[in-house]
Amino acid sequence: MHRFNTEKPPMIVVEFRSGDITINTEDVDETLVELSGRPNDSAAEELIAATLVEQRGNTIYVKVPKRPRGLFGTTPALHLSITAPNSSNLAIRSASADVNVRGSLGTSKIDTGSGDVTVGHLDGAGRIRTGSGDVSADTIEAAYEIQTGSGDIEIGQATDQLRVQTGSGEVRVDSAGASAKLQTGSGGVAVGQAEEDVFAQTGSGDIRLSSVRRGRVKVQAASGDIHVGVLNGTAAWLDVKTLTGRVASDLEQSGAPAEDDQQVRLQLNTVSGDIAIVRA
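Its first residue numbered 0, the sequence shown is counted upward by one per residue in numbering that gives the first Met the number 0.
Any given hint could turn out to be false.
No farther apart than 27 Å at their CA atoms in a straight line, the calculated lysine-lysine pairs in the DSSO-like style are these [claimed, not checked]: (1) 108 <-> 62; (2) 217 <-> 240; (3) 65 <-> 7; (4) 108 <-> 7; (5) 180 <-> 217; (6) 108 <-> 180; (7) 62 <-> 7; (8) 240 <-> 180.
Simulated restraints, written as ranges between beta carbons of each label pair [what the hints assert, rightly or not]: (9) 6 <-> 173: 30 to 40 Å; (10) 64 <-> 238: 52 to 62 Å; (11) 99 <-> 251: 40 to 50 Å; (12) 250 <-> 57: 28 to 38 Å; (13) 258 <-> 191: 21 to 31 Å; (14) 6 <-> 140: 21 to 31 Å; (15) 80 <-> 258: 49 to 59 Å; (16) 6 <-> 158: 25 to 35 Å; (17) 260 <-> 162: 28 to 38 Å; (18) 250 <-> 155: 46 to 56 Å.
The set of hints was computed from the structure by calculation and includes no laboratory data. As the structure is a prediction and not an experimental result, all values here were calculated from the model. For glycine and all other residues, C-beta sits at the position ideal for the given N, C-alpha and C.
Please model the complete structure; the sequences and the hints are all you need to start from.
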């Protein structure tokens, strides 16, 4: 195990190959780094011995080499465990690894060729990218981007600008406090509560926005139903189109709202699917 003094949240830079990464942030003033492999795996032991783990200023580096001298065949899978102060900053690049972060992070960039990514509280701006895998985050409090080639994306609460994209998978956001851009090539999109602008798009799947408050809401579906709930007290402008489906609205007709009234502009378009607009 490696132990480093970090009285303030450090930057942690990880270059990893395959396996899994677990990071715990706590109310501590030191950073602990531990690498392990399968029992009696000499190739893993050799890879661990060749790994650079060091501190430069307030930055902790963990660099697993592609393949040390004398090591042939498949790169062995390793487990990397890090304990660090709350709101540590993180940069991970991995060929194939599941990443699990418990606690809070400052700024963060997580890139993995394949693998699931699970994070707790994101205080700072950043991004998560995985070629194939699910991504989930409990709370995001800064501008953030999430992208996966194939996998589901699930967000609890986002209070700043959010952009998520998956080639194939479901997108779910419980609460979006700022503008949100949500895209999936094949899969559904579900938002519990949206406070500001929303752009939601799917090639095949249903889109459900349970409650929208204000701003512009643009929804596009090639094949799938659209359901939008408009918060009570919010005036709505409607631009609604479906080629082969039905449109139903529970909203009362009224004159143009006053300039200072809370209002939302709905632009809803599906080629094959029904559209429902209700009060939330």
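Here's how the hints hold up against the structure:
1. A C-alpha spacing of about 16 Å is found between residue 108 and residue 62, which places the hinted pair at or below 27 Å, so the restraint holds.
2. Of the pairs offered as hints, the one joining residue 217 and residue 240 holds, with about 12 Å between alpha carbons and a cut-off of 27 Å not exceeded.
3. A threshold of 27 Å between alpha carbons decides the hint, and for residue 65 with residue 7 the separation of about 31 Å lies outside it, so the pair is violated.
4. For the given pair, residue 108 sits about 19 Å from residue 7 by alpha-carbon distance, which is consistent with the 27 Å threshold.
5. Restraint check: the Cα-Cα separation between residue 180 and residue 217 comes to about 10 Å, which is no more than 27 Å; the hinted pair holds.
6. Under the criterion of a C-alpha separation no larger than 27 Å, the hint pairing residue 108 with residue 180 is consistent with the structure, at around 19 Å.
7. Distance restraint check for residue 62 and residue 7: the Cα-Cα separation of roughly 22 Å lies within the 27 Å cut-off, and the hinted pair is therefore satisfied.
8. Simply put, residue 240 and residue 180 have alpha-carbon atoms about 20 Å apart, close enough for the 27 Å limit, and the pair holds.
9. Between residue 6 and residue 173, the C-beta spacing of about 35 Å keeps the proposed range 30 to 40 Å intact.
10. For residue 64 paired with residue 238, a C-beta distance near 56 Å keeps the hint of 52 to 62 Å intact.
11. Between residue 99 and residue 251 the CB atoms are about 48 Å apart, so this pair conforms to the stated range of 40 to 50 Å.
12. Evaluation of the 28 to 38 Å hint for residue 250 and residue 57 yields a failure: the beta carbon distance comes to about 55 Å.
13. For residue 258 and residue 191, the hinted distance range of 21 to 31 Å is satisfied, since their beta carbons lie about 29 Å from each other.
14. Take residue 6 and residue 140: their Cβ atoms lie about 23 Å apart, and the range 21 to 31 Å holds.
15. In this structure the supplied range 49 to 59 Å holds for residue 80 paired with residue 258, their Cβ-Cβ distance being about 56 Å.
16. Under the hint 25 to 35 Å, the C-beta atoms of residue 6 and residue 158, about 28 Å apart, fit the expected range.
17. Checking the proposed 28 to 38 Å range against residue 260 and residue 162 shows it holds: the Cβ atoms sit about 29 Å from each other.
18. Checked against the hint of 46 to 56 Å, the pair residue 250 and residue 155 fails, with Cβ atoms roughly 29 Å apart.
When held up to the earlier numbered hints, the structure conflicts with 3, 12 and 18 and fits the remainder.
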